[in-house]
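Undergrad: What follows is each chain in one-letter form.
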Amino acid sequence: MTDKLHAKDYPIAETRPERVLGQRGKPLASLTLEAVMDGDVGMEDLRITPQALLQQAQIAKSVGRTALAGNLERAAEMTGIPQAEVMQIYELLRPGRTKSKQELLDTAQRIRSNHKADLLASFIEEAAEFYEKRGLFRKRY
Amino acid sequence: MTDSPSYDANRWRRFDDWDNRPLRQDQFAVEDPENGFSAFAGAADPRPGLTILGGQVTEMDGVPAEEFDMIDAFIATYHIDPHIAEEAMAIPSSDLARMLVDMNVPRTALTRLARGLTPAKLAEAVAQLNAMEIAFAYSKMRARKTPGNQAHVTNAKDDPLQLAADAAIAVALGFDEIETTMRVARNSWSNALACCVGSAVGRAGTLFQCSSEEAEELEIGMAGFTSYAETVSVYGTESAFIDGDDTPWSKAWLAAAYASRGIKMRCTSGAAAELLMGFHEAKSLLYLEARCLCLQRGMGSQGTQNGGIDGAPLASSIPGGVREIMAENLIAVWLDLECASGNDARHSESDMRVAAKVLPYLIGGSDLICSGFGSILKYDNSFNPSSFNGEELEEFLVLQRDFEADGGLTSVEDARALDLRRRAIDALSFVLNDLGLATATTAMKRSVAVASGSNDTDSFAPRDVALISDKIRANAVDVLDVIRSLHRGGFTEEAENLLFLIKLRVSGDYLQTSAIVRDGHVISAINDPNDYSGPGSGYRLTDQRREELVAIRDVLNREEVLRAEAVSEMSEAKSIRYQSMGPATPGTTAHEIVVGVSPGFGSKIFRTLAGHRLSAVLRALETGIERGGGTMRLVRFWHTADTSFLGLSAACLSGSGLGIGLQSKGTAVIHQKDRLPHNNLELFSNAPITTLEHYEQLGFNATVYAGDALPEPVVVPTRGEALGARFHARVALTYAIETAMTEDNSAPEDLKITFLEQST
Chain A
5 MTDKLHAKDY PIAETRPERV LGQRGKPLAS LTLEAVMDGD VGMEDLRITP
55 QALLQQAQIA KSVGRTALAG NLERAAEMTG IPQAEVMQIY ELLRPGRTKS
105 KQELLDTAQR IRSNHKADLL ASFIEEAAEF YEKRGLFRKR Y
Chain B
183 MTDSPSYDAN RWRRFDDWDN RPLRQDQFAV EDPENGFSAF AGAADPRPGL
233 TILGGQVTEM DGVPAEEFDM IDAFIATYHI DPHIAEEAMA IPSSDLARML
283 VDMNVPRTAL TRLARGLTPA KLAEAVAQLN AMEIAFAYSK MRARKTPGNQ
333 AHVTNAKDDP LQLAADAAIA VALGFDEIET TMRVARNSWS NALACCVGSA
383 VGRAGTLFQC SSEEAEELEI GMAGFTSYAE TVSVYGTESA FIDGDDTPWS
433 KAWLAAAYAS RGIKMRCTSG AAAELLMGFH EAKSLLYLEA RCLCLQRGMG
483 SQGTQNGGID GAPLASSIPG GVREIMAENL IAVWLDLECA SGNDARHSES
533 DMRVAAKVLP YLIGGSDLIC SGFGSILKYD NSFNPSSFNG EELEEFLVLQ
583 RDFEADGGLT SVEDARALDL RRRAIDALSF VLNDLGLATA TTAMKRSVAV
633 ASGSNDTDSF APRDVALISD KIRANAVDVL DVIRSLHRGG FTEEAENLLF
683 LIKLRVSGDY LQTSAIVRDG HVISAINDPN DYSGPGSGYR LTDQRREELV
733 AIRDVLNREE VLRAEAVSEM SEAKSIRYQS MGPATPGTTA HEIVVGVSPG
783 FGSKIFRTLA GHRLSAVLRA LETGIERGGG TMRLVRFWHT ADTSFLGLSA
833 ACLSGSGLGI GLQSKGTAVI HQKDRLPHNN LELFSNAPIT TLEHYEQLGF
883 NATVYAGDAL PEPVVVPTRG EALGARFHAR VALTYAIETA MTEDNSAPED
933 LKITFLEQST
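So the protein sequences, as listed, match chains A and B.
In case it helps, the working numbering puts the first sequence at residues 5 to 145.
In case it helps, the working numbering puts the second sequence at residues 183 to 942.
It is worth saying that the hints were derived from the structure and are not from the lab.
Fair warning: there could be bad hints in the mix.
[To be verified] Straight-line alpha carbon distances no greater than 35 angstroms define the calculated DSBU-like cross-link-like pairs of lysine-lysine that follow:
no., chain 1, residue 1, chain 2, residue 2
1, A, Lys30, B, Lys327
2, A, Lys30, A, Lys8
3, A, Lys120, B, Lys685
4, A, Lys30, B, Lys627
5, A, Lys8, B, Lys685
6, A, Lys65, B, Lys653
7, B, Lys627, B, Lys653
Make a model of the complete structure from these sequences and hints.
TA: Shown next as structure tokens:
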């Protein structure tokens, strides 16, 4: 990424289309109905990229929405995590799904090393601390 | 009364009447703060407070950090901005309240301060505003300038053909978002595909969600059928949260998951959810909501579905409950969140309570006024009936017109509605067949196209739908398969529209606060920020938008009135002939009753408002007068069209001194010379409900007065119809036609009438 984006660059698809690429590098302009019919467009080309999310985070920050930007930054890391794993970690984060905080800490370590997901890993570690404090590692069903 | 009534009742019978009103089906609860039944002042509500040491929150709203529950902890970590908190918390709540309603304090100054305010402080500030002030502050503080609306599209059979047709209608009505859900959980994929296709008919850019189980909802989103979600519910007490099987961290994880897949997301919370779930901690509805909303901002949700929601009926059972719902919405927008402002789950059986509740949002605007306006009939709403439903949709359109307020909706002309339904049904039927999912027969399609609701359809049964849904999932059908299929079927426009929608997720532009799509462009709080700063600023109707709001169906104009009269003229020509006999002079016979008619009587206007032909009215009057031993003389006045003056002028010409004034629209009066113009003897002011028998009796009574006796006055019984609403537009137009014909000092003329046929 070069320069940081601001509110004036929004919507990016209209004002800075050159900075919008699908996950396989295809620009928006190439995602036409003809290309879809020719089989040149797959669902991967319609996936948002970490870059796009970070750009939106910059815009959110530029108007003072730091919390929203934080979510978009976590999301940027999450683009690299397969769907099944995203849902499996969601399940682990629900109350009483793990018996101890270690399982959460291991998960955090795994995504940190496998997906360079530092923000998400810290987020899970933080959850583990509070879950322990609030006695959430108890069986619910 | 002929039979002898019983007067033994031990209470005023008006209470029986009241008992029978829909309102009395609503349950009301006594204020009981200890047991959670308090809108603003819970028994255990804390006083606002915040201590920060070294950038860390060590105490918040009376709770030291070591005693924080998960919600406190999350809010302290992710919502409270330590750089702003000291400044913000030092401002007295009463000052904050005044700033909220001060048009000179910019919205952005307040959203900045909100980042440093605790839940108790936010609640304390908004609680000081009355309902009017909350409504005004909400209008000033909401994030996006242009208001919008969201529809529910569901049906009792989960019939995909009907979902597609109803989705297309919702799009045509202007809804920015449509939401579906299922009667049977496994039908989710079918519902998603059907609404997805239907919402691509007519125009591109309507966002769509399919409310289902979390993991599945995200999967459906990843297949490209949906573009947003709002089922990420949060609660204001830890116990309720855990009972809801989540934590702030698990919900925040989900929020990031949606964004990471390019899907717009908002959280949901609403008053009384904790009370319903049995974990209220003796705290007020507002305080618990303030916690929910701080949590949502902290999670980085761009917005919230907020304002009672499923708890609205319970919140509304408590004193001040509806004001509290408004207050929590105000906190939401103060926290800079997009607000889909409830007005969905119907909070009352009383239409008046419902309309009163929605009004502030309609006139003040909201990101999504209803977070589920039932675009379908009540029984088809799988979420439960909304405040407004298919039944009441036109009422909402009229309210927009009444207040010149943009509720996000636009009328759909009926021929176009049917075209859109057929197009959606054809498109979906093609896709279902083309992808080997199901085959819809012509009869099925025809039944759905014209059906108002699923009771009228002969279409897919729930079991068929389950099979369709299973196949979609099993075959891993995605939105590109649907786009290709639409194109193969010649539905190129719909294919383009769907592609447009799915491409939105690549840039993520619609992940910003309050994003919707208008005219092919994403607008949000970034590029369409609410900049209200007093009259003339903020959202205003453009001329074009005003024209759309005004254009409801079946409006009356002068040409319409004249056209209707032209039809009546032909039948009257066969019934009566009027012949001018020259200037009218005072009569001399004592049994004469003069009937004075208005300038357009029988020449421009031919029927009364009750629909009686004027010839029939004259015949009835004449019958009555003759029954009383009098004779009728008909005189047309040209100097006035007013009933009283017609009557008095007629009386002055009458040999008996008694006259009847009769306007073309049917209003009639008995008058007597030497009386003041508006001091008449009898008046029929309710022309629309006056019968020919009444006119006959009026004629008779005039002869009784002429004999200097007192008759039983004719009473035209009313059942309380809003006659003004039903007729005044026509009255004004009709009357203007007559007043335009009057000429000052113009002399009256005698009319000779000949009845041409016996029947009336």
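Undergrad: Indicate, hint by hint, whether the structure satisfies it.
TA: Verification of the hints:
1. Lys30(A) / Lys327(B): 33 angstroms, holds
2. Lys30(A) / Lys8(A): Holds: Lys30(A) and Lys8(A) sit about 22 angstroms apart, inside 35 angstroms.
3. Lys120(A) / Lys685(B): At roughly 27 angstroms apart (the allowed maximum being 35 angstroms), Lys685(B) and Lys120(A) satisfy the hint.
4. Lys30(A) / Lys627(B): Roughly 40 angstroms between the alpha carbons, so the hint for Lys30(A) and Lys627(B) is violated.
5. Lys8(A) / Lys685(B): 23 angstroms, holds
6. Lys65(A) / Lys653(B): 43 angstroms, violated
7. Lys627(B) / Lys653(B): 21 angstroms, holds
In terms of the numbered hints stated before, the structure departs from hints 4 and 6, listed from lowest to highest.
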